[in-house]
Every structure is written in C-alpha cells, then in structure tokens.
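Participant: Protein sequence lines, in the order shown, are assigned to chains A and B.
Every letter in the first sequence is one number past the one before it in the working numbering, and letter 196, counting from 1, is 196.
So the working numbering is basically just the index in the second sequence, starting at one, shifted up by 1000.
Note that these hints are calculated values from the structure, not bench results.
Among the hints, a few may not be true.
[Claimed, not checked] Think about it this way: if two alpha-carbon atoms lie no more than 25 Å apart in a straight line, the pair counts; the simulated PhoX-like pairs of lysine-lysine are:
1) Lys1178(B) - Lys263(A)
2) Lys1196(B) - Lys4(A)
3) Lys196(A) - Lys150(A)
4) Lys185(A) - Lys1178(B)
5) Lys1317(B) - Lys1298(B)
[What the hints assert, rightly or not] Derived coverage of chain A by chain B (criterion: at least 3 residues anywhere in the stretch with Cβ under 8 Å from a Cβ of chain B; other residues may be distant):
6) 14-25
7) 117-128
8) 134-140
9) 273-284
10) 295-308
Since the model is a prediction, treat every value here as computed from it, not as a measurement.
Using N, Cα and C, we set each Cβ at its ideal position, and we do this for glycine too.
Protein chains: 2
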Amino acid sequence: MAIKIGILGYGNLGKGVECAIRQNDDMELFGVFTRREPSELKTLTEGVKVFKAEESVKYKNDIDVMVICGGSATDLPRLTPEYAKDFNVIDSFDTHARIPEHFANVDAAAKAGGKIAMISVGWDPGMFSLNRAYANAILPDGADYTFWGKGVSQGHSDAIRRIEGVCDARQYTIPIDKALEAVRKGENPELSTREKHRRECFVVVKEGADKARIEKEIVTMPNYFADYDTSVHFISQEELDRDHKGIPHGGFVIRSGVTGLKKENRHIIEYSLKLDSNPEFTSSVLLAYARAAYRMNKEGMKGCKTVFDVAPVYLMKEDPDFMRAHML
Amino acid sequence: MAIKIGILGYGNLGKGVECAIRQNDDMELFGVFTRREPSELKTLTEGVKVFKAEESVKYKNDIDVMVICGGSATDLPRLTPEYAKDFNVIDSFDTHARIPEHFANVDAAAKAGGKIAMISVGWDPGMFSLNRAYANAILPDGADYTFWGKGVSQGHSDAIRRIEGVCDARQYTIPIDKALEAVRKGENPELSTREKHRRECFVVVKEGADKARIEKEIVTMPNYFADYDTSVHFISQEELDRDHKGIPHGGFVIRSGVTGLKKENRHIIEYSLKLDSNPEFTSSVLLAYARAAYRMNKEGMKGCKTVFDVAPVYLMKEDPDFMRAHML
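The shape of chain A in the complex, shown without the other chains (with noise of 0.2 Å):
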C-alpha cells in the first residue's frame, strides 16, 4: 500500500515535492493543503485534490506524513509543532542556530500525539549534516570545511532588491578553487570568510538609476557582502530572466584528518553536491525521510529526529535483502 504524502504549502518546495512523488512509485500524493483559496490554485500536476489548511485536520486518518512546506523564519516554528499532534510530519527548518529549540518545541508535540517529526531535513542542514558527523566519527583528529555554491542565494539576491532604484536581482555564492585546493590537498588552511566564497550578483535597475551608488551600496553591505569580493553585473530583465531563471546550488563538505601511530598518514573525505534545482533537490531528500517517518512510526517510534537518529535502512524503498544483496 502506498505512502500518502500531504503537501502544506504549495510554493518551490511544495510543488517539488509533488513532482517527486510521482518518482516513488511507493508513495501517493492526497492533497495539498493551502492558506490560499484552493479553488484559485493551480497544480502543476491534474487531478491533485487541494484543500484549505485549517481543514487538514480532518484527514489525519488518511495522511502518512504531511510534508511542511514553509518558511524558517516565521512558519515552520509554528506550523511544524502545530502538525506534529495531528501527523507524521517532515520539514526542512534551516535556521542552524534555533534547532535545539525547534527540536525541543517539536519533540513534546510529536511525543504527545504518539508521532514522528523529522525536522531540519535537506542537504545543509540534511545531507551535508550527515556527512559532517559520519566524517567526524571516523576522523576524530581533523578539520571540517563546508563551501557552498556555486548557487543562487534568495536572501542575498532579496538584499539587493530592497536598494532603492534595484528592480531585480540574482546574487551567486560561488566557492573560491585556491580554497578548495589547498584543502583537497590536506594543507588544513585556516581561511577568512574572503578566501573561501565571493559573490556574483546580477543587477536589474530602474531606468536612469545611479548604478554608482547601487554597486557601492551592494558591495559595503554589512554581512551580506562587505566581507567578501563581490562582483556586480548591471544587465536587462531580458537578460536575468533568459540566463538566470533557474535556482542551482550545492557544494562542498571536506573532512581533512590524520591517522597512525605518529598521525603520519592523511585521509580526505569529500561529499559534494551539484545542483540544477535547489528545491527539487530539497523535495527529494524530505521525501526519502518521509518514507523513514512513516515506517519508524509504524514500528512505534515517536517523538523528534533528525537525519542522525535515522538508519539509512528506512529511507530505501528496496528490502535489506536486496540492499544487502546489491549495494552494499
């Protein structure tokens, strides 16, 4: 019997995680639930069902995991406790500095409802997580490096847009090669926030706007740029929308580390990530943990996890004898 997978939100990664659906042929979409009309949304795919969020309750019975699309900011602190009395739930909280509180908020909900609620899913946090820890476990003496990039970055290309005269914008993280270099090969470089990543950005603005200031604005910004070597390129909303529409990412996770008897011998381990979509991507692994959810559920777990707790044995659709048999 099929995993039934329900949608909240219905925005990038609500819409990624129904394409994805249809490449689990072990998983059925019921529904996306939305704050909108549902009658005004249109699904990329037919015949999805679309509901209004507050009624999703209703259909606790008929829903195996309800995947939480939202926001870090505001929504998901709020919507994923909410969920996790009611359903299996999965989502993608990414603020790195408020996961013990999100987990904690979330553990007493899930725990409540007798529910499992995976939080912090994706691939930084999620994948790349995951290949900090499985480094670190096997390498306890050595260093971590994570580049992101190359990729578009909402928050920065946002940034860009509120400086007065700015139409549009693109910005890109892009990973310094000498960096990545010198880590690769085991040099253990301690690098400043400049010499790992700079910034490319792609400037829509208003006709007869002082390009001057926007790029003096963009490259002192505080935070956002004034500590890296950014670039800026003023083209037309012709140009950003044919050459800039898609939403790539990825990166770079490295554990550089020693063994032997005097430390003499140098492993490095390197998991990388090269991305056409950054939601999709996100979509797909929140999907291979739903699948984990749902089973560690029926097997009577409860409460939060996240990647660390789960055996990667849940997330596979095959059996363990064929796991066995053929991938390991």
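For chain A, the structure is supplied; the task is to place chain B on it using the hints.
Facilitator: Structure of chain B alone, referenced to chain A:
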C-alpha cells in the same frame, strides 16, 4: 567508562585499530589476540597485552567489542560467526557476492548469543555503500558510478608476484579522468571496464629474467589485466621500497539523477576518498562502528547488522544535543 576493544589478528588492519584507539578517548585497548605465539608478537605501542586467540572466550565479559581483523577469503567466514556467539563483533568482510551468505551465518550466531555483529564495515563495502544507498533513496531516477583509486590493489600485486621471474610488484588502479569528467557533467555515459580504470604496475625481476615475456604475461592476464590498459615499469627493489611502500587508496561514488515535472533538472551527488593508508582508514571506520555495536547492544539490540542498519547517532562520541547544536 571506556569501551573495551579486543583485536583479533595482528596484521595491517589490527595495527590500524591499535593506533586508532589512541585517537578515541572513549575507548581503550583490552588486548590483542593472535594465532601466533604471544611472546613473539611485538606490538606497535607499549604495554599492550597479547593473548592466544583460543583463550579469548575467557575474557568475554571483559571485552565490549571484538574487532576481527582477518581476510575475507577464509578467515572471516569462519571467525565472525564463531566469535559472534560470545562477543559483540565487527568485521570488514568485503567479498561482495558472498555477503548474503555471511550475513545469514553471522546473524544466527549473534542472535543466539544476544550480541551485535557488524559485518562488511570499511569503505567499500562500507562508506561507499552508504553513499550509494543515500543517493539512490534521494534520486530514484539516476545512474550510479563507482571508481576506485588511485590506489594499491593487493590482489593484483599478488597476481604479478606469482609470475615466474618476478621478485616483487606493486599495482595501482587509476580512474580515468575523462570518464570521471563525463559522469560529473551529467552525461550518463555507458563505460566499459577499459574506459573506467587503467592499471599501472611496478615490477622487480630476477637478474636475467625475460622482461618482454613478463610484461606480456601481465597485460594479457585474464580478469586481472586483459580488459584494461596496463602499463608495466621495471624497477629495482630499492626503488620499489623507496617509492612504493605506502598503501594508498580511495575512489569516487557518484550518482547522477534527475527531478522535475519533465525530469528537466539534473543533480550530481559525489562522495570521494583520498587515503594515504587504506588499512588505517578502514580501521578507523571499524572503530566508529564498534562504538555503535556496543551502544546498540546495550539498548537490547542483537543480530547481524550492516552500515545500512546503523543510525549515525550511534557512531558519534558526542551526545545528540551537542550534535544537533553544532553539527546539524
């Protein structure tokens, strides 16, 4: 209280475990068990107790996990089930085709003894298997690629040494850059054996040996070399000892998959290892999973497990609160 580790078998792997325990302050070495005469065995570090292998059962209550450091061809199929009756055990059984059979034998023994037995732990099988599994769970539509090297293949080096006139040899398996690049670009190439790896051999021959015949015997050797582009370099024993005494290895696991409504977005997940010492890295993986075996058994779990069955939280020395706050 420290986790007490026993080492059964004192080759490169056992020595690696001995060294790695010193890097994990939650572990201590109980002793080394050997089939040799204990008084004749000189350990790398001072003060290590050495026991006869056949007396190990006397210490079953003193040892939390026995790390079985033997060969996959004949040692492990016999030793792991035998020891799993009395100890939590861990091995690096790497004959992929015989894993289901080994699993069944070990599982029966471990369940009878109420112990955890982890098999096929290392990097392939092991970390590479994990990465294949995670990547497949995330991207169901895709292709898997595994490349090995650059590294020393012990089996291929041995095969060369058996040729008449050869004194010593070292064989390197080397992934072919062009193939790797095509995979990374998402071209999903179909690659023949010859297109994926090449083989490089450094050979020391007896005085007056027929080098042309030896080279021909190597490059035409079925299974080992005939399907590869193989280069042979004749060098002196001094050069071999000076330039080729290390046991480096590594490799790449890549999954190239697609998502989206029309499967229009491509994603590349890559995991790679660059290891100065193959046995020391394997030993380090074994110890992380020894920690997991000990903890899982303490929680009442028993039977045979592989890397697929172990939630990452069991591998990590740090407690889950710390991990969520700092590594997620």
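Participant: All the hints need checking, so say for each whether the structure fits it.
Facilitator: Status of the hints after comparison with the structure:
Distance hint between Lys1178(B) and Lys263(A) is unfulfilled; the C-alpha atoms sit about 34 Å from each other, more than 25 Å. Of the pairs offered as hints, the one joining Lys1196(B) and Lys4(A) is violated, with about 41 Å between alpha carbons and a cut-off of 25 Å exceeded. For the hint pairing Lys196(A) with Lys150(A), the CA-to-CA distance comes to about 12 Å; that is within 25 Å, so the pair holds. Simply put, Lys185(A) and Lys1178(B) have alpha-carbon atoms about 21 Å apart, close enough for the 25 Å limit, and the pair holds.
The suggested pairing of Lys1317(B) with Lys1298(B) holds, with an alpha-carbon distance near 15 Å, which does not exceed 25 Å. Coverage of the stretch 14-25 of chain A by chain B holds in this model, with 5 residues showing a Cβ closer than 8 Å to a Cβ of that chain against a need of three. Check on the stretch 117-128 of chain A: 3 of its residues sit with their Cβ under 8 Å from a Cβ of chain B, so the three-residue criterion for coverage holds. With a threshold of 8 Å between beta carbons, the proposed coverage of the stretch 134-140 of chain A by chain B holds, since 6 of its residues qualify and at least three are required.
As drawn, the stretch 273-284 of chain A meets chain B at 9 residues by the rule of a beta-carbon pair under 8 Å; at three or more, the given contact holds. Look at the stretch 295-308 of chain A against chain B: 3 of its residues bring a Cβ nearer than 8 Å to a Cβ of that chain, three or more, so the hint holds.
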